[in-house]
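**Q** Spelled out, the chains give:
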Amino acid sequence: MNMNTKSIFSIIALAAGLQLAGAGNITGTVTLKGTPPPEKPITPVMEDPTCGKMHTEVPMTRFYVVGANNGLGDVIVMLKGYGKSTGASATPVVMDQKGCLYTPQILAVQTGQKIIIRNSDPVMHNVHAVPAVEGNAEQNAPQMQGAADLSFSFDKPENFLKFKCDVHTWMLAWVTVIDSPYFAVTDKDGKFTIKDVPPGKYTVVAMHRKLSLVTPSPATYKGMEQEVEVTADGGKADFTMEVK
Amino acid sequence: MIDSSKTYIWLHRFALFTALATLGLIGIGGLVTSHGVGMAVPDWPTSYGYNMFALPFSIWFTGGVFHEHTHRQWASCVGIFVVILTRWLGGEKSRWPLLIVGGTELVVGLLMFKLNDNLRGAGGFLSGIGGVVLLAGICWIKNAAAPGRLPAMGWWAFGLVQLQGLLGGLRVVLDAQVVAGMKLGNVLGIFHACLAQGFFVLLCAIALLTSKWWRNGNNQHPTVSQGLCKFVIFTTLLIFLQLTIGATMRHQHAGLAIRDFPLACGKLWPDTSVQAVEHYNAERIEVTDANPITAFQIDLQMMHRVMALIIFFGVAMAAWQVRRFQGVRRLGFVWIGLIITQIGLGAWTIWSDKAADVATLHVLVGALSLVTGAMLCIIFCGGITKSNRAAAFA
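Chains A and B, in that order, are what the protein sequence lines are.
Going by my numbering, 14 is the number at position 14 of the first sequence; the sequence numbering is gapless.
Add 1000 to the 1-based position in the second sequence for my numbering, that's all there is to it.
Please note that a few of the clues may not be correct.
Straight-line C-alpha distance at most 20 Å; calculated SDA-like pairs for lysine to any residue [unchecked claim]:
hint, chain 1, residue 1, chain 2, residue 2
1, A, LYS162, B, LYS1183
2, A, LYS156, B, GLY1181
3, A, LYS162, B, GLN1177
4, A, LYS98, B, THR1288
5, B, LYS1093, B, TYR1050
6, A, LYS201, A, ALA184
7, A, LYS162, B, LEU1184
8, A, LYS188, A, VAL66
9, A, LYS98, A, HIS55
10, B, LYS1183, A, LYS188
FYI, nobody ran anything at the bench for these hints, they're computed from the structure.
Every value quoted in this text rests on a predicted model; they were computed, and no experiment measured them.
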């Protein structure tokens, strides 16, 4: 490697280091205003002879995860139009089938990032990914009990791409595929952290699967947006979503 | 030659048995859609890679696989019954056509099996069908063909049952393909559902035309007016249109677009504005998989409700006219009874949040309503007099 090439690499590394050195986290909370519809018991689970045995009480749907101080869980929060996907080299994300339910139910990954689907149940499932965006292939694969993990990845950004099981039709999960590493999913109390964001001004978008649906077919989502300034100390973005 | 009167008794019984088996098939197929498990077996004609008839019980009796695989097995049985019926109706003359069709299917199936690994499953299936058809052709019983249009009706049933099997299979194989913004699986599912209804009508017509009641010409009605004949046909066609609307609703796989009755989204006529539809989707908690509700689906359900009212009045008027004709007046009462039951089941489907068994019963009573109308059409508008009918069956 000659001196000029070495210099160029050194400058790039220094710039990256300086960026990261000043990078901060965007933190915040998403809260829910209004009373959400009551969750429903997933009674078909208990009616299934194999799946029912894995539960001592009827599991409930988890569409509005409301925690302390009306914090809203399972909200996807991301930076709008910033960053490039590092999905190909990112650590795979695991989605498990346990008790005949997908866990977690709401997930976010980068484009090209592997989603490992595991079957921890003593029963066959069929993993059916149903994308709405052209370029993301629909995939349908059976997974017997004890079978090897399945691997999925998607090349195009898509909000709330549905995963379902055609054998156990209550099994549902939604994966948001994002073209950058700058995103988070709120926890049960509505809190999120988007890590290592370089200093600057950004638009932060928050989307909830039920509250952000604007067009049903094809399913299209419009999130809430907020301008945030990130310094070395980070940035703050709080959202309040209202029940429609 | 076999004693014809005894033959026709058994022919009629077998035709009736095949029609009843088809009604059961519509029921189990209805359960598949009601439970949303149309893709529970993601391949065809194999089942999870196995020959359809060799699927292990451990897989068959898992969740939604049970409904879908049972539907396939039952359909295969109905297929066999129809081949037998075709041979019986066609008499000895039908042997050669069956031998040719069966032989061709067997050879093509075996070639597919041998020449292309990807087509082994399909080849095995086709050669199996060919084998059954070939056996029917080989059957050496020298029976006379049934009279009139019956042999042709048998051939129609033969063709339609195979087309129906193919449609059902393609619904699975092509499920993910999108054409004009619509999933091909959903479009083919609608055709599969509608053709099932027409096929059931055909089998019931065969059962009617082979019945002793029909053969003895007990129902000749020289005074039936053209107007009444046309009215019964029109009302029956309206019922078929209603079944098509129902099939389109069910194959949206969006659950209930309107969740209350007799009001619709709390009003006489529902709000289908963008904001309203957003609200319906936000407040709906789906326990099983359901696509988001659209304004189109809400309009479709309202059309279904309005049609139900129109059909009720149409059938009521027809039943009132039909009561004058001895021999069929009870059929008129049965018809209006079925429509009233159907309206009740429609309401119950909504009140039960689309419980699978209730929704499927709604499909079955819909099929029976269509068939009752179709039988009245044949009886009133069949154009066959008592004398020539008795002669035909001599």
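**Q** Flag every earlier hint the structure violates by its number, smallest first.
**A** Failing hints, ascending: 5 and 10.
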